[in-house]
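Asker: Here is how the chains run, residue by residue.
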Amino acid sequence: MAVRVQEADFDLSAEINAFRAGRPEIGAVAAFVGLVRDVNLGSTVSGLTLEHYPAMTQKALLGIVAEAEQRWEIIDALVIHRVGRLQPMDQIVLVAVASAHRGEAFHACEFIMDYLKTQAPFWKQEQTPEGARWVEAKESDNGAAARWENLLTTNKHE
Amino acid sequence: MAVRVQEADFDLSAEINAFRAGRPEIGAVAAFVGLVRDVNLGSTVSGLTLEHYPAMTQKALLGIVAEAEQRWEIIDALVIHRVGRLQPMDQIVLVAVASAHRGEAFHACEFIMDYLKTQAPFWKQEQTPEGARWVEAKESDNGAAARWENLLTTNKHE
Amino acid sequence: MSVTVLYFARLREALGVAQELIALPAHPANVAGLLDQLRARGGEWQTALASTQPYRVAVNQDMAEITTPLHDGDEVAIFPPVTGG
Amino acid sequence: MSVTVLYFARLREALGVAQELIALPAHPANVAGLLDQLRARGGEWQTALASTQPYRVAVNQDMAEITTPLHDGDEVAIFPPVTGG
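Chains as they are written, first to last, in our numbering: chain A, 47 to 204; chain B, 47 to 204; chain C, -9 to 75; chain D, -9 to 75.
Some hints could be false.
Covered stretches of chain A, going by a simulated chain D footprint (3 or more residues, C-beta under 8 Å) [unchecked claim]: (1) 54 to 62; (2) 79 to 91; (3) 95 to 108; (4) 126 to 140.
Cβ-to-Cβ under 10 Å is the rule here; a few derived chain D residues that face chain A [to be verified]: (5) R2; (6) S41; (7) P44; (8) M53; (9) E55; (10) G74.
Since the hints were made in silico from the structure, they are not lab data.
Don't be surprised by glycine CBs; every beta carbon is placed ideally from N, CA and C.
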């Protein structure tokens, strides 16, 4: 597994191809890409600054991926999260999970995203016509992460 | 929305970039790529031939995507399915769904894959050391598709 | 009236035919009637199309039921459960 | 004993400090004690770190609770709920 925090953009094909190179046991890759939207809560967003807590970010992401590996039979997982200044339509985050079968890849990928949203120390500041504002955490993100808490490990090879 | 059935391979970045070009309202893209594994049911698989029912394939895929669009607030969806001869590690299928928020993109993407697995007229024949064999449908695939049947439409903007 | 019948994958190989034109009685026809007529050929037809076998039928490129009606010129496809993706 | 305290995002801006070294009483210390000491500064400290505010605390780069013990040299981070991804 690999987690990276970087200012640079990433290329989806290049990342996924490198990730699955030489591993013909992979039958499924589920991937998620988060993107900068140009509107949020009714305001035009002209750009985003992503702050993070460098000493903790990598550790938090590795912990989330390790937890996913415990819950599902996955072959590999990759997380890339960008920091710094971003524009609308820019890629923010990539989560990719490889497994033999699709159910595990989908669930682990969604799990990692849900936990990243509540556990990984990143903060977004939006530039709007009314000035810069820190994005508020969404209650729905806590709900999305919490629904995994009481879930028994799903069946392997579902 | 777009669905394509083709012999040619596809490039993930090129497809996703074309798909979301000029649409800054997209905040989330969930993607799934299915790949040819080199083992199945204990046998080495040296290659795969994908047969389909040309007159029906496009129609079936469009129907599945239209159903997903009814259930979730998605911005766009793309399905590419390859046919013909494939080798281990080759890409077979891409399902990508774009939406404002991640929950909808994840659920619609998994829904489309689950239905594709039981409703779209494709058949795999594997080449193994014991000869060519038609892949048997998996009971688990029926289960995966059936679990959406009784599901109320999930909350928008979950 | 007649319908075009297509066979795919394992069924195409087992039955040795990919496509044929089949004349049906003029009275109200449906998928069940067509299947009866095909099974009446005996041999592999009877075996492969037995109602206990897990094949699927599409009429005019839509998944169909045993009760789906058939009309002159319809395209009927008979195939094993799908295995794409 | 002393701990390093880091502040991030909105809290860093509200409190006007990114990092500081804070001396704590030698007796058993925990996150709650540190927060009490910071709130005792009054003003924005009292407001921004009120227990009703939705901030988070990490100790040595792991998410912590109010009862998490603190040791000499620990790195404590105080920050708003995260909004990445």
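Asker: Give me the numbers of the hints this structure contradicts, sorted from smallest to largest.
Answerer: Of the numbered hints, 1, 2, 6, 9 do not hold.
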